[in-house]
Each structure stands twice: as structure tokens, then as C-alpha cells.
Amino acid sequence: MTFHSKRSLIKAAGWASLAATAALVGCGKKEEAPAAAAASAAPVAAASAAPAKAEPLKVAFAYVGPVGDGGWTFAHDNARKAVEKQFGDKIVTSFVEKVPEAADAERVFRDMAGQGNKLIFGTTFGYMEPMLKTAADLKDVKFEHATGYKQAENMRTYDSRTYEGAYMAGVIAGGMTKTNTIGVVGSIPIPEVIRNINSFTLGAQSVNPKVKTKVVWVNEWFNPPKETEAAQSLMNGGADVLMQNTDSSAVLQTAEKAGKLAFGWDSDMTAYAPKAHLASAIINWAPYYIKATGDALEGKWKGGEASWWGVKEGAIDIVSISDKVPAELKAKVEAVKAGLKDGSYKIWKGPITGSDGKEILAKDAVADDKFLGGINFYVKGVEGKVPGGDKK
Amino acid sequence: MLKLEARPEASKVMSVMSPVLALAVTVVIGTVLFVLLGKDPMRGLYVFFVEPVKSVYALTELAVKATPLILIALGLAVCFRSNVWNIGAEGQFIVGGIAAAGVAMTADKETGRWIVALVLLAGVFGGMVWAGIVAFLRDRFNANEILVSLMLVYVADQVLGYMVYGPWKDPAGFNFPQTITFLKSTSVPKLFPGFRVNIGLILALIAVAAFWVLLFRTYAGFQLQVGGLAPAAARYAGFSSRRALWTALLLSGGMAGLAGALEVAGPLGQLTPYVPAGYGFAAIIVAYVGRLHPVGIVFSAILMSMFYIGGELAQSRLGLPKSLTGVFQGLLLFTLLACDTLIHYRVRWQAARPAPPKPAAAALVSTAAAATTERAA
Amino acid sequence: MESFALLLAATLNAGTVLAFASLGLLINERAGIVNLGAEGMMLVAAVAGYATAVHTGSDWIAFAGGAAAGALLAAAFGVLVIWLNTNQYATGLALSLFGAGFSAFVGIRYTQEKLSERPRFEIPFLSDIPLVGPALFRQHPMVYVAIALTVALAWFLYRSRAGLVLRSIGESPESAHALGYPVRRIRLLAVMVGGALCGVSGAYISVVYTPLWVEGMVAGKGWIALALTTFATWRPARVLLGAYLFGGVTMLQFHLQGEGVQIPSQFLTMMPYLATIIVLVLISRNATFIRVNMPASIGKPFFPGS
Numbered sequence: 000m001t002f003h004s005k006r007s008l009i010k011a012a013g014w015a016s017l018a019a020t021a022a023l024v025g026c027g028k029k030e031e032a033p034a035a036a037a038a039s040a041a042p043v044a045a046a047s048a049a050p051a052k053a054e055p056l057k058v059a060f061a062y063v064g065p066v067g068d069g070g071w072t073f074a075h076d077n078a079r080k081a082v083e084k085q086f087g088d089k090i091v092t093s094f095v096e097k098v099p100e101a102a103d104a105e106r107v108f109r110d111m112a113g114q115g116n117k118l119i120f121g122t123t124f125g126y127m128e129p130m131l132k133t134a135a136d137l138k139d140v141k142f143e144h145a146t147g148y149k150q151a152e153n154m155r156t157y158d159s160r161t162y163e164g165a166y167m168a169g170v171i172a173g174g175m176t177k178t179n180t181i182g183v184v185g186s187i188p189i190p191e192v193i194r195n196i197n198s199f200t201l202g203a204q205s206v207n208p209k210v211k212t213k214v215v216w217v218n219e220w221f222n223p224p225k226e227t228e229a230a231q232s233l234m235n236g237g238a239d240v241l242m243q244n245t246d247s248s249a250v251l252q253t254a255e256k257a258g259k260l261a262f263g264w265d266s267d268m269t270a271y272a273p274k275a276h277l278a279s280a281i282i283n284w285a286p287y288y289i290k291a292t293g294d295a296l297e298g299k300w301k302g303g304e305a306s307w308w309g310v311k312e313g314a315i316d317i318v319s320i321s322d323k324v325p326a327e328l329k330a331k332v333e334a335v336k337a338g339l340k341d342g343s344y345k346i347w348k349g350p351i352t353g354s355d356g357k358e359i360l361a362k363d364a365v366a367d368d369k370f371l372g373g374i375n376f377y378v379k380g381v382e383g384k385v386p387g388g389d390k391k
Numbered sequence: 000m001l002k003l004e005a006r007p008e009a010s011k012v013m014s015v016m017s018p019v020l021a022l023a024v025t026v027v028i029g030t031v032l033f034v035l036l037g038k039d040p041m042r043g044l045y046v047f048f049v050e051p052v053k054s055v056y057a058l059t060e061l062a063v064k065a066t067p068l069i070l071i072a073l074g075l076a077v078c079f080r081s082n083v084w085n086i087g088a089e090g091q092f093i094v095g096g097i098a099a100a101g102v103a104m105t106a107d108k109e110t111g112r113w114i115v116a117l118v119l120l121a122g123v124f125g126g127m128v129w130a131g132i133v134a135f136l137r138d139r140f141n142a143n144e145i146l147v148s149l150m151l152v153y154v155a156d157q158v159l160g161y162m163v164y165g166p167w168k169d170p171a172g173f174n175f176p177q178t179i180t181f182l183k184s185t186s187v188p189k190l191f192p193g194f195r196v197n198i199g200l201i202l203a204l205i206a207v208a209a210f211w212v213l214l215f216r217t218y219a220g221f222q223l224q225v226g227g228l229a230p231a232a233a234r235y236a237g238f239s240s241r242r243a244l245w246t247a248l249l250l251s252g253g254m255a256g257l258a259g260a261l262e263v264a265g266p267l268g269q270l271t272p273y274v275p276a277g278y279g280f281a282a283i284i285v286a287y288v289g290r291l292h293p294v295g296i297v298f299s300a301i302l303m304s305m306f307y308i309g310g311e312l313a314q315s316r317l318g319l320p321k322s323l324t325g326v327f328q329g330l331l332l333f334t335l336l337a338c339d340t341l342i343h344y345r346v347r348w349q350a351a352r353p354a355p356p357k358p359a360a361a362a363l364v365s366t367a368a369a370a371t372t373e374r375a376a
Numbered sequence: 000m001e002s003f004a005l006l007l008a009a010t011l012n013a014g015t016v017l018a019f020a021s022l023g024l025l026i027n028e029r030a031g032i033v034n035l036g037a038e039g040m041m042l043v044a045a046v047a048g049y050a051t052a053v054h055t056g057s058d059w060i061a062f063a064g065g066a067a068a069g070a071l072l073a074a075a076f077g078v079l080v081i082w083l084n085t086n087q088y089a090t091g092l093a094l095s096l097f098g099a100g101f102s103a104f105v106g107i108r109y110t111q112e113k114l115s116e117r118p119r120f121e122i123p124f125l126s127d128i129p130l131v132g133p134a135l136f137r138q139h140p141m142v143y144v145a146i147a148l149t150v151a152l153a154w155f156l157y158r159s160r161a162g163l164v165l166r167s168i169g170e171s172p173e174s175a176h177a178l179g180y181p182v183r184r185i186r187l188l189a190v191m192v193g194g195a196l197c198g199v200s201g202a203y204i205s206v207v208y209t210p211l212w213v214e215g216m217v218a219g220k221g222w223i224a225l226a227l228t229t230f231a232t233w234r235p236a237r238v239l240l241g242a243y244l245f246g247g248v249t250m251l252q253f254h255l256q257g258e259g260v261q262i263p264s265q266f267l268t269m270m271p272y273l274a275t276i277i278v279l280v281l282i283s284r285n286a287t288f289i290r291v292n293m294p295a296s297i298g299k300p301f302f303p304g305s
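Taken in sequence, the protein lines are chains F, B and U. For the first sequence, numbering that gives the first Met the number 0 begins at 0 and goes up steadily by one. For the second sequence, numbering that gives the first Met the number 0 begins at 0 and goes up steadily by one. For the third sequence, numbering that gives the first Met the number 0 begins at 0 and goes up steadily by one.
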């Protein structure tokens, strides 16, 4: 081929591809025209009709992590599946995973609303502001925000008492540790996590008053290599039972590699490290999701509330307790669980002292939810200082 | 076998067609991917290329996404044209955001709207300072700017973490790592009520014009480009490579910082650990696909934004994984680089050459030794 | 003291990851090619290695799988950079970005998979030596392979004819070409071997270091490995030492946290990256020193016809 014809061949190819893309776009548009009508909504909602009796309720979930993380998001998605099972064809669910806790989230929520979803679950703290902004503009959509603290007329929050699971795990840890040092790989130093560290320690101390807790922070929810390194350094420091507030099974697996013991968190992690696994403190979001969806279907849904469910409501449990745990210790844990279930057992009941020696709760005083929500200190027995300083 | 033959002069046609060709190849591969994943390819392409531009709302969201990409890519275009490899735009973006947040938080109820200008300027300044570190270390110590700027991204991320967990943490925020929500007076003015697009878009378009003038109509721009294309010639002509280094880095740092400020004071309205959104890295692709030309950058930024938004939509509409966006973006750059060769070379068929004879080792040793002594001299 | 020994053990482990990647990049750069795609190659190799381990149950085949993935990507990079003469930096970046997205995409189904029980390694008598025993002799075999590789590479570069050819190509490809050496083919080979070693490093991360797959798990180690080759002035022994140094700094931040040191954790996390910058500055200060040690043709395109 000559120089010129080669050149024009390339030219032609270029124009052809441009034309092809245009044609593709054109064809696609015709096909999708009917479905497009619902999607092209302005932010001020007017779009879809209210759920008619015959039309299924569209429910959407926004996840911060991948569905396959085996931890936090996995637990939420399991609950979504349970909701599907419960309500059958009265609802249609969908989800978007790995939605970042940033400006992009707002677009995702608006898009979900634009797609006709009337009940939207945002499963992490960082969605708070984007959800609030979207809720303000789209008053006919119901928003459920996990672990947050701001509500609105059409938005409410829900959370689980993970500290109960942490406490029960602590009971096991206190009984199983031989070095009297237990370790926690902390994710992000927010009140929930600090409360869990404290509850883990209180649980351990209830069977073994000599126990000390070491804490290392990775400053992320999900980073297996870093969690591994953190776990390793805890064991280097003498801890022989580990716990984590991060979302993967890395800590558990690292413990097994070193011949130490650990727990599963958020979901049942027995399969990841059968030798090291003592028990899993899990969250079961299904009871709440089923209730919320049921409320929405029956028109009983009310915004502005804040729910905090625990063992009592079936949201928290400690499962798959290993055979390594002696029967006596197991019985103790079951007793605590029963006590939490009927409300007779109080974890945060005085006397409780802070790591600085000062009294936090007087004898027999019981902490209320407000107190628990703002925990920003370590109890006695936890080494180190809360990152960012103790602010009371 | 196929052989590459240098063209007598760069092909103008291919300069424009290369990105289009690259896009076409990416689309083809994408279609194959959709089919392999068991999804309708037409639907897939629709979600990526049509839905993001279908409605006014969609277009404004595209603008929100494209604005930081345009701003950062403009700065990077100047850098790459000058052969300064600033990979750390993400870090400059973060520091710009931090600086902007710092100023925004000084506002109180009485402050007027003028503080927005200050907030944005703070962002520019913050980005410039961060890029200035890179320039300084390269200027004074010869430290490779690729590695330094990249390491500074990680450092910037940690600085952000420190600020939102420590000194700047919202005291009423239940100890969550975030600053206060900025007062309304500090938020970047929106263009139209009800949509998220703000004056950042206007700033971006003005910047496009300004950069075009800088690169193609000013002496300074000329110097920068010659310095990148033919460093020896530039030295001979007396163009200061040191000035080029500082100009390129400060300019791109400032642009990245501005983008950071717009993000923090605009859609976000506060500082959180999640400010780094990867724009600094995506902008590298935008700059290249836009042929390092301000107008081209606008188009490639729109394209990249379509990939982002399309990727999001593909999740909820088709159940496709989010990582597809990353695959497409990387693929686009790859194919672009391959297609770019067609600008300077044409493809020819040629018979294979006979293998060359094996040389003596001695000759080789003397070559290596000569080369070493020559350089050390 | 006990905890110091454990820190040492963890350092060797962490350093091995960097060592493999960095030695691979060293081979690249000695031939005159800079491959900024290290991070991308390591990610793809990590998922490839993990997938191989899941399906075959064998760690060693997994390492081979990771190496193959790395070599394949490196080959694509090599063809673009060596034959089509695309800009090395941009192409490497494209590889990194592509690798990140591609590995995340392919790895989706493996996030839920688990590997079989991890074996524990120890050398019988030596590992019972008090203090250093556990640290030095209870390591995964690959730790020792890395050390052996360093020695072998040093021998190859400075004592073998093939190594000489490689180095001369790195110094002056034009001269080597004039002497009749197939410069481009040798460079491609070097790039592929380098890619294979980066692949081994990636597989090590997902199969040994943290036996999981999660997207982005390489977390910047590819970039640190790149910095290491400059830091070590392109000499294998220094690369190994540098790798251990950086591995140690990474583990140190958690060690300090555990000891209750009151520095905010973010500053501790910054340490490896700041250390890289400081070291780069110290090394680069003397421009002559750099020029003498750096392969002269790094980053420059080579045109055999000119």
C-alpha cells in the first residue's frame, strides 16, 4: 500500500469508529426511551408515584465496602437477602457497593430515589451529610442511616449494640488468656469502637481481674495487610487473645499463624481460621431491616427516631463458641447472654474506673444511652491514651 | 514482520484521531467484557455513554465531576509538556483542601460571601506549597520529582487524618473524625438552584482559556515547551530549566489545590478523611487523553467523568462491579499510548533481517568503561 | 529484648515483599527501562497468585502464577515502550492504573474465598537458638530465597558475561547495538524477568503475608520498591538492606503504638514515606554520584535505526 492510501485508511477507520459510536448511542437511546422517563428527574422530587397497592415497594441499600468482605458489608447484605425472603414479591431490593463516604454518595442516593426507591438504607456513618441533603430535597423517600446521629422528618438512624458482643467476647478472652494480656486492633477511634474496647476489657475483667488490654489503631475500617501488621505487633507485645473492630478476617488469620487465639467480628468467621477461632460476635441486621421494611409497607414508618438494638432484639449475638472454651466459661457467657436478653444484666454498671484512676460510674449506677453514645475514655486496664486526647 | 517507519513529519490527522481510535478500541474491549460477564452490551454502553448525559440533572452532575479533573489536568499538562513529572497532584489536592478548610472555619455568622474568594485562594496557596516542596527538593538536591511527589501524597493523606482526628475535630461530633460543617457563607456559590454545579465550572472554563494563551501565545509557555521537547536546545537558547521546574510545579500544585478547595467548600462542605478521591491520578489520564491541550482536556475530562458516573450507574442498573471503571480508564490510557505511535510512525510490512554476528566481549567492556568515564568527567 | 526479636522477625518478613519487587525493578533499570507500573503488576500478580492458590491448593504454584501474571503485563509494557517507543513514564503509569482496576475486577469473587491452612516453617536446630532463633529461622522459605536471589543477582551483574551485556545496554544501547547485540530483545527479556519478580512479590503478599485477597492490598509497596532501587544506587545488596530497613520502619509504627508512645498514629504511619523522601534527598544530593551510578540510558527511548 502506498503512503497515501494507508493514511486515508487510518483516517477512514477513525471516522468509522466515530460514526459507529454515534450509531450505538442513537440505537441505545431508542431502546431505552420508556425506561429513561423515570430516571431523568430533577432533584426536587415529583418523579415516581407513591407505592400503589399492586406495585412492589422498591428498597435500595448503599454499602461502603464490597459485598464479599466477609465482615460489615457482608452482614448487611445477608440482612437484605433476609428481607427479600420475608416479603417476597411485595418488595424489590437493589444495592450499590463501595459507595465512598464523600461527595459522590449524594449522587448515588439521588439516583436511587430517581430510580423509584422509596426506602433507602445507608450503611455507614460517613453517609450522614449526603443523606441529610438528599432527604431535605426528596420528602417522599424514607431514609435509614446506620450508626449516625442526625435525623430528619423523613430520615431516622439505627445502630446495634456491638458493645454487648464485645463484652461477651471479653468474658471468653479473660478466661482463655494465659499471659493476662489481650489485644484489640482498633479501626477508627470513634465512640463506638472505644466503647467496644472498654466493654471487651470489662468482660474480661469480670472473670479475670488481672487482665490488661493493649490497643493498636490502623485508622481504617478495612485494610487487611495493615490489620495483619497491627495484629503481629500486638502479639509481639505479649497479647495471646486478639479482638478487632476492623472489617476483615486478617487479625484472626494472623493469630492462627502465630498459634494464638482470636475472634470473628461482624460475621461468623470460623471458616477463616478454625484453630484460632474462639467465637464470633456478630451483628444481625435482619430483625431491624424486616421491621423497617414492614413499617414502610404498612405506612407506620416515622422519621426522626433513633433505634439502638442489641441482644434483646436479636441484633447482636455471640456464635460458634469453640470447643476449646471450657464448659464453665461457656456457661458464664450464656448466662450473660440470657441476662442481656431479658434486660436483667447491665454491662455498664458501676463501679467503673477510668484509666486515669478517676471514678466514671459510682457503685450500682447504670449508664444511660446518652452516656454510652459519647464514650471517649479508656477504662482501667486498657493501656495507652485515646487518640485525639480524652475529651469529656 | 511489521515495522515502524518514522514519518517525515508528525501526522496532524492522527493527532486528533488517536484518542478517538483509542476510545473505539476501549469500547470494543468493553463490549467483549460485558458479553463475557453475561450482560447486554448495548445496555452496558448505554449506561456508560448515554445515561450520564441524558437530562439536565445528569449533565450538571457530569460538570461537578469534570471540574476538578479539568483544573488538575490543565496544570499537569504544563508539567508534562515541560518534562516535569508531577505524580503527586492528589497530595496537592488534599493540602489545598486542608488549607481551604482552615480558612473556612474562621468564618462566623457575620462573615460575608467574600470569604469564598479567600477560601479558594487558600486552597491554591496550599497546593502550591506542597508542590513547592517537590520543586525545592529537585532543585536543590536533585531528588527525583516522581518519587518525592508520590511519597508526599501518602504524607498528605496522613496529615489530613491527623487534622480531622485531632485539632480540627468537631467537638459536637461525637468524636467522629470530621470537622464542623462549614457555615453557609463559606460554601462555593452554586450556579443554578437545585443543582450541585457551582462556579467551579466557570473557573475551569476560564482556566482552559488562560492555559491555552499561556502555552501557545506567550513566550513563557514557549520556553516551557521547548524545555520539555528539546532540553539541549533550550539550554543553548538560555531558557532557565530551573524556572521551568518551579513554574510547572507551582502552577500544577496551585490548580490541584484549587480543585481541592472547590471540593471541600463545595459539595462536601466539611473536611473528612475521605477527601482524597483519586482525582489527582485520574487527571493524569485526562491530561494525556486530552493530548496535553487545554481544549482536548475538556473533552477527555467529560469522557472520564462519564466513565465514573457510568460505572456507578452500571452497578445499580446492571449489577456490574465498580472496578470496571478503573479497568476502562486504565485501558483507555494504554490504548491511547499505543495509538499515539501512529502520529510519528507509520506501520509497514518488511521482510525479516538476517541476524547480526556475535561480537567479542572485549569490545563490549571497553564500551561500558568508556561510557562510564565519559559521564563521570 | 523478646519483643525486639519479634520485631526483627516481622521486619524480615515485611522486607522480603519489597526485596523481590525491588530486585526485579533493578534488573529493568539496569537495562535502561523504568517501569512505573510496579504497583499494577504486583496487584494483578497478587490476585493471580491468590486465585491459583485457591484452585490448586499449592503455594508454590501460586508463586509461579503470580510470576507469570507479572511477566505478561511487563511484556505488554515492554512491547509498547521498546518497540513502539512510547513514553516510559506515561506507559508505566497507565500500567499501574490499569492493574489497579483490573485486579479489583478479577478479584471480586476471591474476596470470599479462603486458603487452606497455612503451614508453619522452621529450621530444626537453628530456630531454637534463644533470641535470634525464632526471628531468623522461623521464616517462610521465600525469605531465604530473597537473600539467595540477591547474591545470585550480584554475581550475575558483576561476574557474568550476560550481566555485562545487560549493564552495557543500560549504559549505552547505541553502542551495544552497533556491536550487534539484539538490544531490544534483551531489554524485553529484562523487563519480563523484572515483571516476574514483581509478580512473585505480589503473590507473596496475598498468599503468605496476609492470606486474603482484597482490592488495593499492595497499598503503595510497589512505589516504595521503585524508590528503593534509586536509594540503593542500583546495587543488589543495598536493595536488600534497604528493603529490610523499610520493612522495619513499617512494623515500627505499630510497635511504637503498642509500647504506648504518645505520638499520634498518623505521624507514625507517615514514617516509611518520609523516610523514603529523606533517603532520596540524601542519595541524590551529589549529582555526580548519581550520574556515575545510574544506568545512563534510563528513561530514554532507543531507536535502532538512527
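In short, the hints are calculated from the structure, not lab data. Every value quoted in this text rests on a predicted model; they were computed, and no experiment measured them. From the three backbone atoms N, C-alpha and C, an ideal C-beta is built for every residue, glycine too. Some hints here could point you the wrong way.
Claimed, not checked - Cβ-to-Cβ under 8 Å is the rule here; a few derived chain B residues that face chain U: (1) L3; (2) M150; (3) G160; (4) A171; (5) S239; (6) F280; (7) I283; (8) I284; (9) G318; (10) L323; (11) T324; (12) L330.
What the hints assert, rightly or not - A few chain B residues that face chain F, going by a derived Cβ cut-off under 7 Å, partial list only: (13) T59; (14) E109; (15) K321.
Taking the hints in turn, this is what the structure says about them:
A cut of 8 Å between beta carbons decides the hint on L3 of chain B: the least distance to chain U is about 7 Å, and the hint holds. Annotation: M150 of chain B was flagged as interfacial toward chain U, and the flag holds, the nearest CB pair being 4 Å apart, inside 8 Å. Restraint check, G160 of chain B versus chain U: the minimum CB separation of about 4 Å is within 8 Å; hint holds. Contact between A171 of chain B and chain U, as hinted, is not supported at the beta carbon level, the nearest pair being about 22 Å apart and thus beyond 8 Å.
With its C-beta approaching chain U no nearer than about 17 Å, S239 of chain B sits outside the 8 Å limit, and its interface hint is violated. Because the beta carbon of F280 of chain B sits about 7 Å from the nearest beta carbon in chain U, less than 8 Å, this interface hint is met. Because the smallest distance between the Cβ of I283 of chain B and any Cβ of chain U comes to about 6 Å, under 8 Å, the interface hint for this residue holds. With its C-beta approaching chain U no nearer than about 7 Å, I284 of chain B sits inside the 8 Å limit, and its interface hint holds.
Checking G318 of chain B against chain U by beta carbon gives a least distance of about 11 Å; that is not within 8 Å, so the hint is violated. Contact between L323 of chain B and chain U, as hinted, is supported at the beta carbon level, the nearest pair being about 6 Å apart and thus within 8 Å. Because the beta carbon of T324 of chain B sits about 7 Å from the nearest beta carbon in chain U, less than 8 Å, this interface hint is met. Using the Cβ-Cβ criterion of 8 Å, the hint placing L330 of chain B at the interface with chain U is satisfied: the shortest such distance is roughly 6 Å.
The beta carbon of T59 of chain B comes no nearer than 9 Å to any beta carbon in chain F, farther than 7 Å, and the hint placing it at the interface is violated. Given hint, E109 of chain B at the interface with chain F, is violated; its Cβ is 24 Å from that chain's nearest Cβ, farther than 7 Å. The restraint placing K321 of chain B at the interface with chain F holds, with a minimum CB-CB distance near 5 Å, inside the 7 Å limit.
The structure fails hints 4, 5, 9, 13, 14 (numbered hints given earlier, in ascending order).
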